[in-house]
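> The lines below spell out each chain.
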Amino acid sequence: MSVAIIKLKSSIYFILLFSISLLSITFFNNCSPDEQKKDSSVPKADTVKKTNEKPTQISYTVEIQGMKFVPEELKAHAGDTVVWINRDMVAHNVTEEVNKTWSSSVLKPDKSWQMIITKSSDYYCNIHTGMKGKIIVE
Amino acid sequence: MKNTRKKIKTWVAGATVLSVMLVSSAFAQTPKLTDPEIASVAVVANQNDIGFADIAKKKSKNADVLKFADMMSADHKSVIDQAVALVTKLKVTPKDNPLSQKLTSDAANTRKMLESKSAKDFDKAYVDNEVAYHKAVIAAVETILVPQAQNAELKALLEKVVPILKMHLSHCEMIQKTIK
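Chains H and G, in that order, give the protein sequences. Note that numbering that gives the first Met the number 0 has the first sequence beginning at 0, numbered continuously upward. Note that numbering that gives the first Met the number 0 has the second sequence beginning at 0, numbered continuously upward.
If you are wondering where the hints come from, they were derived from the structure by calculation, not from laboratory data.
Calculated Cβ distances over 10 Å to all of chain G for the following chain H residues:
hint, residue
1, Gln56
2, Tyr59
3, Leu73
4, Lys74
5, Ala75
6, His76
7, Thr80
8, Val82
9, Ile84
10, Ser103
11, Ser111
12, Trp112
13, Gln113
14, Thr117
15, Ser119
16, Ile135
Which bits of chain G does chain H cover? Going by a derived footprint, with three or more residues having C-beta under 8 Å, they are:
hint, region
17, 68-74
18, 77-85
19, 151-165
Beta carbons are placed, not taken as given, at the ideal position from N, Cα and C, and that holds for glycine.
Work out the full structure: start from the sequences and follow the hints.
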């Protein structure tokens with residue numbers, strides 16, 4: 000009797016294993032390679048690029064010419080760089096106007112100075128006080 | 000006493016008007032100038048203003064006037080340096096001419112007038128002269144020097160000077176309003 004039961008159990012296990020194997024083969028054969036990529040937990044190459052990409056930092060140029068900052072008003076983002084180039088025949092400087100929190104050294108003709116922008120500022124040339132400019136951080 | 004004050008005031012006003020007339024008269028006629036002569040006029044006009052600024056730095060106690068005089072010395076020296084660099088490059092030798100001679104002699108009279116001023120009257124005389132001088136020089140550069148300059152680089156240099164002179168004019172006009 001017990002021998003018959005053992006044989007029966009073995010048959011059931013065999014049938015179960017066979018069925019599982021068949022189902023697995025059928026499932027993977029029906030899946031296209033693309034679908035396998037889509038379901039994969041490994042991201043596509045372009046996704047990796049976007050994930051690791053830092054916000055773009057732009058470098059802007061303000062030319063000092065004709066006793067003016069050109070452009071007089073500049074919209075930028077925090078982290079962007081602004082380069083001031085003196086194209087005039089006389090020396091200038093670039094100085095934060097309200098609290099004098101930052102200032103370039105004296106910029107002789109054809110010299111430049113740059114700064115990474117952190118916040119909006121009104122600035123001017125404290126040699127020629129009528130020359131004014133503005134940076135707006137968006 | 001009142002009469003004496005009145006006389007002094009009249010004399011100061013007269014001297015100021017005279018200095019303005021002297022400045023303007025140098026440019027009154029429209030001479031024909033060559034490039035070497037234009038270069039000479041440009042250098043002399045800048046040197047004159049440096050000379051006036053030197054007197055201001057010696058005589059004035061007014062912070063605005065002193066700052067303006069420092070700016071005049073620095074800016075006009077910078078313009079001369081670049082004008083000299085250009086004429087050297089172009090192998091042009093600035094040539095003395097009736098206009099540059101008149102500018103020089105008028106400036107000598109203006110310096111005399113400024114030197115003669117008391118500390119009290121100096122600031123007004125200096126600033127009034129700066130206003131008149133810059134107006135006259137701007138007009139001369141725009142109507143005589145730029146149109147007559149033949150060399151393109153010399154013409155471009157003269158054109159670049161105009162906004163500097165206009166900035167100086169608006170600055171000294173601002174100071175003029177604060178000095179009585």
